[in-house]
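Position chain B relative to chain A; hints supplied.
Chains A and B supply the protein sequences, listed in that same order.
Here my numbering is used: position 159 in the first sequence is 159, and no number is missing along the way.
Here my numbering is used: position 22 in the second sequence is 22, and no number is missing along the way.
The set of hints was computed from the structure by calculation and includes no laboratory data.
Remember, predicted model here, so these are calculated numbers, not experimental data.
Where is the CB? At the ideal position from N, CA and C, for every residue including glycine.
Be careful, since some hints might not be right.
As the list claims (entries may be wrong) - Derived, one-sided and incomplete: chain A residues facing chain B with beta-carbon distance under 7 Å:
| no. | residue |
| --- | --- |
| 1 | 42 |
| 2 | 44 |
| 3 | 45 |
| 4 | 46 |
| 5 | 65 |
| 6 | 90 |
| 7 | 126 |
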Amino acid sequence: MALLNILHFPDPRLRNKALPVAQVDDAVRTLVDDMLETMYDAPGIGLAATQVNVAKRVVVMDLSLEKNAPLCLINPEIVSRSGTEEMEEGCLSVPGVYETVQRAERVTVRALDRDGKPFELDSDGLLAVCIQHEIDHLEGKLFVDYLSELKRTRVRKRMEKVRQHTL
Amino acid sequence: MTANTRTVVAYTLVQVLEQRKSLSEVLAPQLAHISAPRERSLAQEICYGVLRWHLRLEAVLGRLLRAPFKERDKDIHCLLLAGLYQLIYLRLPAHAAVDATVEATLALDKGWARGVVNAVLRHYLRDSERLLAAADADECARLAHPTWLLELLKQAWPHGHNLPSWQAIAAANNERAPMCLRVNMRRTTRAEYLAQLQASGIAAHATLYSPQGVTLEKPAGVEGLPGFAAGEMSVQDEGAQLAAGLLAAEPGERVLDACSAPGGKACHILETTPALLELVALDNSAARLARVQENLDRLGLAATLVEGDAGAPQTWWDGRPFDRILLDAPCSGTGVIRRHPDIKWLRRATDIAAAAQAQQRLLRALWPLLKPGGVLLYAVCSVLPQEGEHQVRDFMAGQPNARAEPLALPADAEGGTILTGSHGMDGFHYARLRKGYL
Numbered sequence: 001m002a003l004l005n006i007l008h009f010p011d012p013r014l015r016n017k018a019l020p021v022a023q024v025d026d027a028v029r030t031l032v033d034d035m036l037e038t039m040y041d042a043p044g045i046g047l048a049a050t051q052v053n054v055a056k057r058v059v060v061m062d063l064s065l066e067k068n069a070p071l072c073l074i075n076p077e078i079v080s081r082s083g084t085e086e087m088e089e090g091c092l093s094v095p096g097v098y099e100t101v102q103r104a105e106r107v108t109v110r111a112l113d114r115d116g117k118p119f120e121l122d123s124d125g126l127l128a129v130c131i132q133h134e135i136d137h138l139e140g141k142l143f144v145d146y147l148s149e150l151k152r153t154r155v156r157k158r159m160e161k162v163r164q165h166t167l
Numbered sequence: 001m002t003a004n005t006r007t008v009v010a011y012t013l014v015q016v017l018e019q020r021k022s023l024s025e026v027l028a029p030q031l032a033h034i035s036a037p038r039e040r041s042l043a044q045e046i047c048y049g050v051l052r053w054h055l056r057l058e059a060v061l062g063r064l065l066r067a068p069f070k071e072r073d074k075d076i077h078c079l080l081l082a083g084l085y086q087l088i089y090l091r092l093p094a095h096a097a098v099d100a101t102v103e104a105t106l107a108l109d110k111g112w113a114r115g116v117v118n119a120v121l122r123h124y125l126r127d128s129e130r131l132l133a134a135a136d137a138d139e140c141a142r143l144a145h146p147t148w149l150l151e152l153l154k155q156a157w158p159h160g161h162n163l164p165s166w167q168a169i170a171a172a173n174n175e176r177a178p179m180c181l182r183v184n185m186r187r188t189t190r191a192e193y194l195a196q197l198q199a200s201g202i203a204a205h206a207t208l209y210s211p212q213g214v215t216l217e218k219p220a221g222v223e224g225l226p227g228f229a230a231g232e233m234s235v236q237d238e239g240a241q242l243a244a245g246l247l248a249a250e251p252g253e254r255v256l257d258a259c260s261a262p263g264g265k266a267c268h269i270l271e272t273t274p275a276l277l278e279l280v281a282l283d284n285s286a287a288r289l290a291r292v293q294e295n296l297d298r299l300g301l302a303a304t305l306v307e308g309d310a311g312a313p314q315t316w317w318d319g320r321p322f323d324r325i326l327l328d329a330p331c332s333g334t335g336v337i338r339r340h341p342d343i344k345w346l347r348r349a350t351d352i353a354a355a356a357q358a359q360q361r362l363l364r365a366l367w368p369l370l371k372p373g374g375v376l377l378y379a380v381c382s383v384l385p386q387e388g389e390h391q392v393r394d395f396m397a398g399q400p401n402a403r404a405e406p407l408a409l410p411a412d413a414e415g416g417t418i419l420t421g422s423h424g425m426d427g428f429h430y431a432r433l434r435k436g437y438l
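Same shape as in the complex, but just chain A (with noise of 0.2 Å):
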């Protein structure tokens, strides 16, 4: 097990397209378990490949406070969505920014879990909207681009300015 670097916006790396997964082995699995360590390190309750500089359509998330839920998605697809919600979100690539965002209420994803299986999952609450921003983050969007662009601007000045002191 090992703890992964997480990617922070404005990093041009978020913008990746992530590649599905031809085969669920040993090297997947290993992923799997250091991205969900990474994630209760940060401490974050979903975490996508991409935000650790990896190309594959991984992601994990433990939406329970005993942090005894994990939940890994492989090869994710959206298959249905309906209705709208609108929720405080926050990132683990865009450190202590939390702003609303408009997403769909429920969603069905269709995914491999870390055996390789294939299953479907319906979901809503806070469940979908992690989902949906997750799954954000393998296409190379962030939960900060659905911000007015004013918004956005700032953001991303505040994230440089960290980065310059912090680096």
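Showing chain B alone in chain A's frame:
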């Protein structure tokens, strides 16, 4: 994605208010779910604030809800308490606080509550003056104290200077406590440490009554303060720092700290009296003794750690008497409510009698371990005479060879009780008992 701040707050409050767990036990693991430091301190501020003003917030919320929430929806109830706290006490823009609280319903996976939360908080904003006035008509709500505790405080402290002391105590209980440090005399001096703080841009001043104390103008994270890892100081209230001076151990003496964990007072005694024969730090919990050892290690001190029940010396005592005994007895904690506001909710009236009984048992069990001519210092972080003055009086009635000695305390510390908030200190009761040669 990261966890929602207000969700973490709601879960924390559910554990304290519904499951009756202590805030200090549940807060740290809950805050660990939040990654941004600014959000983490906001969550902490809201949790403490809601528990500080809990009964007042309940009184307002009760006027805004048509029916109570079901058992499984107490998280929404807690979210609303947190929302009201932000609107009444925090200088956040009202609409932002409302929006964030409404959105948190979704992060709790209870989107259905959106409408209720929105309606309740907006109703409050429309009608805040009238709602607060109606809530404040009730004394318990206005002072945010349970009836039983107000009654005990009124009985104990009916008089005072400007206002009756019980009111001053209740007000002090709802204040934020100052952050006070104890400088390790073995490693540095108070003047040197104050200079270090100044060099780091941290405003602080020397305490008036503890010769080792430093009060920070603004609370700060202890790990970020100079000299913490190097053991140059510890965090300890000034009232608690008086214990070592009152015990006044001398070089060559054998000292017992009877309910030692987490070891603050034991460490203080060792820091100020280097040539003790031995300090025995006793506690009935091995886990808590490990905390004592951590503190000793960090501060570069040594003590003999013993696991055992102070009320049953036959199970652990080696038969060698002590020159001094510090009995910092388990108590209701009514003197430290400003640091642990959940005490007002978690304690019940019946706990006081139970604590008093346990305290008397400890006093009687430990007294025979004291050498003739020796001193036992009795301490409780409570302002209730049931645990302080009465306790000592009852004990002395059965011990003709115990004599109470005068205490070097602030002049207004009537009969050995420091009232919460006076001179900036936590509430304490101290009694210094000398054993005669009978």
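Hints versus structure:
| no. | hint | verdict |
| --- | --- | --- |
| 1 | 42 | 5 Å, holds |
| 2 | 44 | 5 Å, holds |
| 3 | 45 | 5 Å, holds |
| 4 | 46 | 4 Å, holds |
| 5 | 65 | 6 Å, holds |
| 6 | 90 | 4 Å, holds |
| 7 | 126 | 5 Å, holds |
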